[in-house]
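Chains as they are written, first to last, in my numbering: chain D, 1 to 431; chain Y, 1001 to 1173; chain E, 2001 to 2326.
The hints are simulated quantities; they were obtained by calculation from the structure and are not laboratory data.
Treat the hints with caution; some may be incorrect.
[As the list claims (entries may be wrong)] Computed from the model, here is a short list of chain Y residues facing chain D with C-beta under 7 angstroms: (1) C1041; (2) G1096; (3) I1130; (4) S1131; (5) Y1140; (6) I1141; (7) K1142.
[To be verified] In the DSS-like style, the derived pairs of lysine-lysine whose C-alpha atoms are separated by at most 30 angstroms in a straight line are: (8) E:K2312 with D:K78; (9) E:K2074 with E:K2239; (10) D:K411 with E:K2304; (11) Y:K1152 with Y:K1124; (12) D:K73 with D:K418; (13) Y:K1124 with E:K2312; (14) E:K2055 with Y:K1071; (15) D:K412 with D:K78; (16) E:K2074 with E:K2196; (17) D:K285 with Y:K1148; (18) D:K285 with D:K418; (19) E:K2074 with Y:K1148; (20) D:K412 with D:K73; (21) E:K2304 with E:K2294; (22) Y:K1124 with D:K73; (23) E:K2312 with D:K412; (24) E:K2074 with Y:K1124; (25) D:K285 with D:K411; (26) Y:K1152 with E:K2272; (27) Y:K1003 with Y:K1071; (28) E:K2074 with Y:K1006; (29) Y:K1006 with E:K2055; (30) E:K2239 with E:K2149; (31) Y:K1124 with D:K285; (32) E:K2272 with E:K2241; (33) E:K2304 with D:K78; (34) E:K2055 with E:K2196; (35) E:K2074 with Y:K1071; (36) D:K110 with D:K229; (37) E:K2066 with E:K2055; (38) D:K285 with Y:K1152; (39) E:K2149 with E:K2272; (40) E:K2312 with D:K411.
Keep in mind that this is a model prediction, so the values were computed, not measured.
The C-beta atom is built at its ideal place from N, Cα and C for all residues, glycine as well.
The lines below spell out each chain.
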Amino acid sequence: MRGHGAVNSRCSLEVLIDEACEELGLDPFAVRLQNMMPPYSHTINDFRITSNGLPECLDKVRTASRWDERWRKMPLGKGLGLGCGFYISGSNLPIHWDVPGMPQSTVHLKIDMDAGVTVHTGAAEIGQGSDTVAAMVVAEVLGIRLDRIRVYSQNTDTAPIDLGSYSSRVTFMMGNAARKAAEEVRRELQQAAAAVVGGQPELFLFQDEMVFDASNPSRRVSFTDAVRKAMDHKGALVARGSFNSTKMGGDFKGATAGLAPAYSMNAYVAEVDVDLDTAQWRCTKVWAAHDCGKVLNRLSVEGQIEGSIHMGLGQVYSESLEYRGPNLRNPNLLDYKIPTSIEMPDVETFLVESNDAEGPFGAKEAGEGPLLPILPAVVNAIHDAVGVRMHELPITPDRLHDQMRLQGGWKKPTPLGKAAAVAVKRGVRRP
Amino acid sequence: MNKILKLTVNGVAREVAAPDNAILLDVLRESCRLTGTKRGCDMGTCGCCTVLIDGENRLSCLTLAAQAAGKEITTVEALGTPNRLHPIQAAFSEIGGSQCGFCTPGFIMTTKALLDRNPDPDDKEIREAISGNLCRCTGYIKIIDAVKVAAKELAPEPARPTPPIAAPARRAK
Amino acid sequence: MLLPPFQLHEPTTVAEAVALRQLHPESDFLAGGTDLLPNYKWQLNTRPHVIGLHKVDELRAISPTKIGALATLKQMNMDGALWQEVPVVAQTAGLIASPLIRNSGTLGGNLMLENRCFFFNQSYVWRESIDFCLKAGGTACHVVPQETKCYATFSADLPGPLIALGATFELAGPSGTRRVPAVEFYKNDGIDRHAKRPDELLTFVHLPPTASQYRASYQKLRQRESWDFPELGIAVALKMKGETVEDLQIVANALECAPKLLRDIGSGLRGKKLTDAAIDEAAAAVETQVRPVKNTNLSPSYRKRMARVFTKRALLEARAGGPRRA
Chain D
1 MRGHGAVNSR CSLEVLIDEA CEELGLDPFA VRLQNMMPPY SHTINDFRIT SNGLPECLDK
61 VRTASRWDER WRKMPLGKGL GLGCGFYISG SNLPIHWDVP GMPQSTVHLK IDMDAGVTVH
121 TGAAEIGQGS DTVAAMVVAE VLGIRLDRIR VYSQNTDTAP IDLGSYSSRV TFMMGNAARK
181 AAEEVRRELQ QAAAAVVGGQ PELFLFQDEM VFDASNPSRR VSFTDAVRKA MDHKGALVAR
241 GSFNSTKMGG DFKGATAGLA PAYSMNAYVA EVDVDLDTAQ WRCTKVWAAH DCGKVLNRLS
301 VEGQIEGSIH MGLGQVYSES LEYRGPNLRN PNLLDYKIPT SIEMPDVETF LVESNDAEGP
361 FGAKEAGEGP LLPILPAVVN AIHDAVGVRM HELPITPDRL HDQMRLQGGW KKPTPLGKAA
421 AVAVKRGVRR P
Chain Y
1001 MNKILKLTVN GVAREVAAPD NAILLDVLRE SCRLTGTKRG CDMGTCGCCT VLIDGENRLS
1061 CLTLAAQAAG KEITTVEALG TPNRLHPIQA AFSEIGGSQC GFCTPGFIMT TKALLDRNPD
1121 PDDKEIREAI SGNLCRCTGY IKIIDAVKVA AKELAPEPAR PTPPIAAPAR RAK
Chain E
2001 MLLPPFQLHE PTTVAEAVAL RQLHPESDFL AGGTDLLPNY KWQLNTRPHV IGLHKVDELR
2061 AISPTKIGAL ATLKQMNMDG ALWQEVPVVA QTAGLIASPL IRNSGTLGGN LMLENRCFFF
2121 NQSYVWRESI DFCLKAGGTA CHVVPQETKC YATFSADLPG PLIALGATFE LAGPSGTRRV
2181 PAVEFYKNDG IDRHAKRPDE LLTFVHLPPT ASQYRASYQK LRQRESWDFP ELGIAVALKM
2241 KGETVEDLQI VANALECAPK LLRDIGSGLR GKKLTDAAID EAAAAVETQV RPVKNTNLSP
2301 SYRKRMARVF TKRALLEARA GGPRRA
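Use the sequences and the hints to build the structure in full.
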């Protein structure tokens, strides 16, 4: 499952923040904005934060969901909830720390006579679109069409070492490695182009399958001709690029856990509809804003966000591994209940581009992070709808109905203004 | 003990030797070498193995090969080839209705059955029609979009000839 | 998963099917296969002979008074005459499992659906690890450990409305056919489940001509809108005479080992107006009369409470005229 380990704790934390906001009479959006780490800063436990698009994420979903008009004001049974999250763009600590010096990602690149480019990587394409990312990064550096590029990523005989598709690391780490490999080839091609048409090699730019001198664009050769010149008497152009994250983190025990070269940020608002008779509920709409730095491929990022929402919604709606002693009671897809197309809510996606200084072209992850906020957003929305605070997942109708009975019925939570007045009376100092 | 079954798969009449307990999915994958149809849960709860039997989308994992004898069986191989995708396949590919791809043949066949009987389904009808197929990657949204795009593509227009379907992609050796 | 080896027989008539059953007492009938084949794949009570009914075309016809056992759930759900005369039957067929299952699954298969339980619907290896259960090769029940009775839950939907509407099931056996009222067909036991003798085949469901005079409703509780078996189902059939109730049948389904016709609650309302208060009272009475156990996904106490909610919904829908085709 995506984001294992982070999902549960993130859900608990976001629900706790919502509870605190309620008790203090504070707006959940304002609290997050006031307490957020600014971009390019360090946390108290020495996490290095680089780009941070959370304020824009919050702004997008607040406006789109019409939060200020509707939160705490919808009829009993209907509610909105906010959940935020962040996620590593690749674990800083390599899983092979016993092999010193081994790169976290390596990409090999080869260009032969036909000027076709092959990209070799060990980053496994598992449907998330990492082959596309590899091809797009190389195409961008060399200014060539995508159909000139073939990516070979599934064969361990030909792939260079890569730690694999986990910890949402592939775009950031493999993407940077691919960029470096392409840049190495680009330097050779600059030399070749300058040798053909004259000029200073480092001034040559790559665009639309052409290599041209920026100071005199009429000095130009086609990409193919540049390749042929570069190969003269040498054979295929071969390059490699690798990625190693820099050393970071404090020097206390456990300081390396959870560190990453960059973090994605996100804010979701979920809308729910609770059946007051049965406690059955539906998530009817999700507004999802995700900061993945530069969006390399919009379709892929949207697909990752929608898929994450489905997977996360399952965890809050119906999915759980039920054990009876050592036996898993529901080891099949009938009893392990993945939501169907009918349960899937409409999703409105907002992509926030904070453009990270170290990501490939500014990109960060969009694989696992987008799952995190949906769980607390739904839990908090159920609270807004019926005033019942759930501390156990999944929120099956029997659990929700039991909790309602314990609390003595459904009840809309106190509106913000009134809650604030009560908090002040209790002596809570307001910012 | 094997019996000879007469199956019509993707328009081609075949004779296949299979035991009495042979499941259609196994016969398609093993005997006919049509591996486009996927084995997912094998228990009727995921829809990866969906094929058309006499035009109706059915679970090939819960159908005996003998039960399909004498009927028209259509698998995903009949729709298109990588270079010449069927409009449904093209829509799934372009819209992002497929990520890891394992459920995709099942969704494609369910979509085919849906659009054959209802060329212009609305959102609710699509969600209902695909609710026997499970997808863990996409969250269904781009699948639903792809079905809508495919419906538009396939809508009969007087000026344009209907796209070619059928023609078996591969033959058994 | 491999199916166990079996010899497949393919009769073309009911008479042939019944004769084959007599010839091979160790056999199962196979219709749509969506219940039997998963159970076979899990090595649940498998038999060396399987009598496939897919060529017995005489059992496919659908009419509002007589439905063949091989009519698929999809055909029933799409049938205009059924929607016209007994809409609840057409509607309920469309509430079962998933569209793909309904394209294969049949009326007969739903009526004969094997009862379900966490400790039964598992692979052989899984069940072996708990020394099996009463229903398949074991000596103890894991739901109610002291019991010698099996508590597997009745999970078919169609019997609910069919019992409420007064349907009868036609059975074909070696000595001819007989009819059993649906209400007498099921037994409240997870193993000895029904009145069909092993050598009989369920062939037709007959609905009384008066069935179309009833306004009926079936309310099903399930976690997902697809695939899931009922956590409970309440069927009601209501016949009004002017302002008052002439006849009311309420069936609580999927809560115990068999559907339960709650005669006294229905008959208690005869001759009375079906007011909101009367509906609430009847719904509360249903809650007190059902006894679910913990072998489905939602808790028994919740399902019991929901019996009241769903009875109320069923009665309200019936009072308003019953379901309409979407």
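Evaluated hints:
1. C1041: Where the cut-off is 7 angstroms and the nearest Cβ of chain D is about 5 angstroms from C1041 of chain Y, the hint holds.
2. G1096: Holds, because the Cβ-Cβ distance from G1096 of chain Y to chain D comes to roughly 5 angstroms (cut-off 7 angstroms).
3. I1130: holds (5 angstroms)
4. S1131: holds (5 angstroms)
5. Y1140: holds (4 angstroms)
6. I1141: Check passed: Cβ of I1141 of chain Y comes within 5 angstroms of chain D, closer than 7 angstroms.
7. K1142: K1142 of chain Y check passes; min Cβ-Cβ to chain D is 6 angstroms, inside 7 angstroms.
8. E:K2312 with D:K78: Answer holds: K2312 of chain E to K78 of chain D is near 23 angstroms, not above 30 angstroms.
9. E:K2074 with E:K2239: holds (28 angstroms)
10. D:K411 with E:K2304: holds (24 angstroms)
11. Y:K1152 with Y:K1124: holds (17 angstroms)
12. D:K73 with D:K418: holds (12 angstroms)
13. Y:K1124 with E:K2312: The hint holds at about 27 angstroms.
14. E:K2055 with Y:K1071: holds (12 angstroms)
15. D:K412 with D:K78: Judged against 30 angstroms, a Cα distance of about 9 angstroms means the pair holds.
16. E:K2074 with E:K2196: It holds: about 25 angstroms lies between the C-alpha atoms, which stays within 30 angstroms.
17. D:K285 with Y:K1148: The hint holds at about 20 angstroms.
18. D:K285 with D:K418: holds (27 angstroms)
19. E:K2074 with Y:K1148: Holds: K2074 of chain E and K1148 of chain Y sit about 23 angstroms apart, inside 30 angstroms.
20. D:K412 with D:K73: holds (9 angstroms)
21. E:K2304 with E:K2294: Judged against 30 angstroms, a Cα distance of about 11 angstroms means the pair holds.
22. Y:K1124 with D:K73: holds (29 angstroms)
23. E:K2312 with D:K412: Measuring from Cα to Cα gives roughly 25 angstroms; hence the hint holds.
24. E:K2074 with Y:K1124: Roughly 18 angstroms separates the two Cα atoms, so the pair holds.
25. D:K285 with D:K411: holds (22 angstroms)
26. Y:K1152 with E:K2272: violated (55 angstroms)
27. Y:K1003 with Y:K1071: holds (17 angstroms)
28. E:K2074 with Y:K1006: holds (26 angstroms)
29. Y:K1006 with E:K2055: holds (15 angstroms)
30. E:K2239 with E:K2149: Since the Cα atoms of K2239 of chain E and K2149 of chain E sit roughly 37 angstroms apart, the hinted pair is violated (cutoff 30 angstroms).
31. Y:K1124 with D:K285: holds (15 angstroms)
32. E:K2272 with E:K2241: holds (10 angstroms)
33. E:K2304 with D:K78: Measuring from Cα to Cα gives roughly 26 angstroms; hence the hint holds.
34. E:K2055 with E:K2196: This hinted pair holds, its Cα atoms lying about 22 angstroms apart.
35. E:K2074 with Y:K1071: Distance of about 18 angstroms is within 30 angstroms: holds.
36. D:K110 with D:K229: holds (15 angstroms)
37. E:K2066 with E:K2055: Holds, at roughly 19 angstroms.
38. D:K285 with Y:K1152: Measuring from Cα to Cα gives roughly 26 angstroms; hence the hint holds.
39. E:K2149 with E:K2272: violated (39 angstroms)
40. E:K2312 with D:K411: holds (23 angstroms)
Hint violations for this structure: numbers 26, 30 and 39, all remaining hints satisfied.
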